[in-house]
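S.K.: Sequence:
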Amino acid sequence: MIGRSKQLRALRRGFTLIECALAMVIVGVGVVASIRLFSACSQQSNTSNQTTTAMLLTSHVREAMVGLSFNDPISGRTNFGFEAGETLNSFDDIDDFDGQTYNPPVDSLRATITSLGQYSQVVSVVPVFPNKLNSNTNDSALEISKTTYTGAARVRVRVLYRAKPTDTAQEVYRASWVRLDN
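Numbering (this note's numbering), first residue to last: 111 to 292.
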């Protein structure tokens, strides 16, 4: 009898097949959970990087407009938008930026940033009433025509991102501010 119990114990020392399978399932679930966590963190990091870059590109447009007059120094208020023959480097008032899309984007000195070619800056400038800043919020249905002088204008910059040239551009960031005529 003693010999037989030693023999049974010797047979039961290792793992059974079911114990091994159960251990593999537990380890597998842990590995999959870790990979999903890493993937989510990486995706969030990419989104944060895109948003930070988009905020920088928006500030570049804002800084490019600093010091520009509200109306064209030569033609005054007769023309809204850029005048014939003007280029980005010769823009001399804020409404010259209206309707412009920059791809690759431009910096505050109006030089193109070719390394950020997957981003685009879309600029719109619309008049608003100084005492009603929520006027003209819908660019497709303006309450005040662009040629109306009100003494204030809303500048809106939308930054679009496309990972590959064949992808459709998606809006990453949007900012607007009101500029008053001095």
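Hint data in this document are derived by calculation from the structure and do not stem from the laboratory.
Ideal placement from N, C-alpha and C gives every residue a C-beta, glycine not left out.
Hints should not be assumed to be uniformly reliable.
Derived pair list, reagent style EDC-like, types lysine to aspartate or glutamate, alpha-carbon separation capped at 16 Å [claimed, not checked]:
| no. | residue 1 | residue 2 |
| --- | --- | --- |
| 1 | Lys256 | Glu173 |
| 2 | Lys274 | Asp291 |
| 3 | Lys256 | Asp217 |
Here are the simulated distance ranges between beta carbons [said to hold, decoys possible]:
| no. | residue 1 | residue 2 | range |
| --- | --- | --- | --- |
| 4 | Thr247 | Arg172 | 25 to 31 Å |
| 5 | Thr224 | Cys130 | 53 to 59 Å |
| 6 | Ser144 | Ala273 | 34 to 40 Å |
| 7 | Cys130 | Thr162 | 43 to 49 Å |
| 8 | Ser169 | Cys130 | 21 to 27 Å |
| 9 | Gly186 | Thr247 | 33 to 39 Å |
| 10 | Leu290 | Thr224 | 19 to 25 Å |
| 11 | Ala133 | Ser286 | 54 to 60 Å |
| 12 | Asn159 | Asp202 | 33 to 39 Å |
| 13 | Gly227 | Ile136 | 21 to 27 Å |
| 14 | Ser286 | Ile136 | 24 to 30 Å |
S.K.: Hints the structure violates: just list their numbers, smallest first.
M.R.: 1, 2, 3, 4, 6, 8, 9, 10, 13 and 14
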